[in-house]
Amino acid sequence: MTISREDIEKVAVLARIRLDEEQIPALENDLGNILSLVDQLSAADTDNVEPLAHPLDAVQRLRADEVTETNQREAFQAIAPATEDGLYLVPRVIE
Amino acid sequence: MQWDIVIGLEIHAQLATQTKIFSGSSTAFGAEPNTQASAVDLAMPGTLPVPNEQAFRYAVMFGLAVNAEIGRRSVFDRKNYFYPDLPKGYQTTQLDHPIVGPGFVDVDLADGRSKRVRIHHAHLEEDAGKSLHEDFDGMTGIDLNRAGTPLIEIVTEPDMNSAEEAVAFAKKLHSLVSSLGICDGDMSQGSLRFDVNISLKPKGSEELGTRTETKNLNSFRFMEQAIAHEVERQMDILEDGGRIVQETRLYNGERDESRSMRSKEEANDYRYFPCPDLLPVVIDEAFIESARDLLPELPDERKGRFKAQYGLNDYDARLLSDDARMAAFFEETASHGKDAKLAANWVLGEFSARLNAEDKTVTQAPITGTQLGQLVARIADNTVSSSGAKKVFEALWNRDGDNADAIIEAQGLKQVSDTGALEQMVDEVLAGMPDQVAQYQQEIDPKKQKKMLGGFMGPLMKASKGQGNPKLFTEILLKKLSD
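Sequence order for the protein chains is A and B. The opening position of the first sequence corresponds to residue 7 in our numbering, with each subsequent residue numbered one higher. The opening position of the second sequence corresponds to residue 40 in our numbering, with each subsequent residue numbered one higher.
To be clear, the hints were calculated from the coordinates, so they are not data collected in a lab. Ideal Cβ placement from N, Cα and C applies to all residues, glycine included. Errors might be hidden in some of the hints.
Below, simulated DSS-like cross-link-like pairs (lysine-lysine); rule was C-alpha separation at most 27 Å, straight line [claimed, not checked]:
hint : chain 1 : residue 1 : chain 2 : residue 2
1    : B       : Lys429    : B       : Lys490
2    : A       : Lys16     : B       : Lys504
3    : A       : Lys16     : B       : Lys118
4    : B       : Lys242    : B       : Lys118
5    : B       : Lys210    : B       : Lys346
6    : B       : Lys504    : B       : Lys518
If you want the footprint, here are the derived chain A segments under chain B, 3+ residues with CB under 8 Å [unchecked claim]:
hint : segment
7    : 57 to 64
8    : 67 to 74
9    : 80 to 91
So that you can see chain A by itself, here it is in the shape it has in the complex (with noise of 0.2 Å):
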């Protein structure tokens, strides 16, 4: 399983990760060989198992259903890239 050059940086754009050229060979090296270890999973058969939920044998806590959590917009949107109106803004989308 090989990655591309195109596919690392379209992938940066899309994490707002910015990479230099120079970064690039080593990544594509890199990620190359982690999808390859990956890759050996599919060998395995799995027709007959069931999916684990979770790994731990636990249960699920819940939480009471009180507000606990306060107003933090502002300290939010000082880290957004664009906000207007109270809005986090973001390019245009339409279906």
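Assemble chain B onto chain A, guided by the hints.
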């Protein structure tokens, strides 16, 4: 060619919890954008979800109300898709182990038939945020207050065969979740959203046709129109020898048209997998029993009680019992109204007609059940005639007075029921109409006689300035004319 229509529904109901399904953020409606979006709702790194117990309690209550099995061990999965109003990049939902298993709902239809609609399952999941596409110079604005609001998605089997059946089921479900108090049922605000799966097959055929899904139906009227529209669209295609494409369609109620949103070919691969952030949720017997104790009277039980307690017929009992708020209004009216059937007639007649005409809900009505009940009591004891009562109702509705007795007094609507006074009026009127009296007495056809009797009522009502009790007038007239 004749076709069978096959309809299944998917319903998203926002649960009426105080907080979100996985965080302690408030779900109160109408807050400033993003003031109810916490680090968990924004998918900040390092946060972990903790499920809301009340969301599970509400889901279990729903399951019990639709005669379903409760999932003793339910598991959350991630449904991956990429859209800016879903900050995590996946929706946390339940796929293979939902909280509510198979159940059913019985629906009364207008023609008196009862239809059983099977529930395939119902699962818990989170709502997404809202995207605002206007006013931001080529950008889209995102409000994440709604992100993480608990939803129960209810999936039916394809058991409905007409728009009427689908709408009757939808109304029953609306009545059920609002009676349970687990959802506010406000469709215009998106609290309850219906998606309709429709397919056609040749009449009598066993094999199901290809279905389409129509989304965005925020009223029962639009739902009915959208089904009619889609059935016709599919029928046209099939009868021209065409093929239905499995796709999701958006219906525009204002224009009565629909368009394709996405077809199966371009459908997302959601890459479902169990959510590693959440452990399986185990529901024990004690939790189920405590939820059962919280179940209020449900519409079916209420209908039975209305028939037994108030002597209502099946039809009136159903109309009054479906909606919990309407039912409460009726009971308040009946408790003051002395005559339950008369109270039912006024609630379903004048009162409902005014609500519809002004597009109001019961809780928005300008009059209370007590006020209407006091008026009904005055009709029952013959203080006002039914035409006088309509004037009183009008005054109550317009808040020109706050109780029936005061309005009857102020507008002089009290009926004259003093038989002595009425007899005198009858004598005077008959004395002035000798020809008509003679004609009446010569007539042998009782139907014609009855019609002629009406001829005397006009002058009598005029003589009594509209205040004579018409029932007593009729009795006196009949007696005098047969003498």
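Each hint, compared with the structure:
no.	hint	result
1	B:Lys429 x B:Lys490	holds, 25 Å
2	A:Lys16 x B:Lys504	violated, 87 Å
3	A:Lys16 x B:Lys118	holds, 22 Å
4	B:Lys242 x B:Lys118	violated, 37 Å
5	B:Lys210 x B:Lys346	holds, 21 Å
6	B:Lys504 x B:Lys518	holds, 22 Å
7	57 to 64	holds (count 6)
8	67 to 74	holds (count 8)
9	80 to 91	holds (count 5)
The structure is inconsistent with the numbered hints 2, 4, although it conforms to all the rest.
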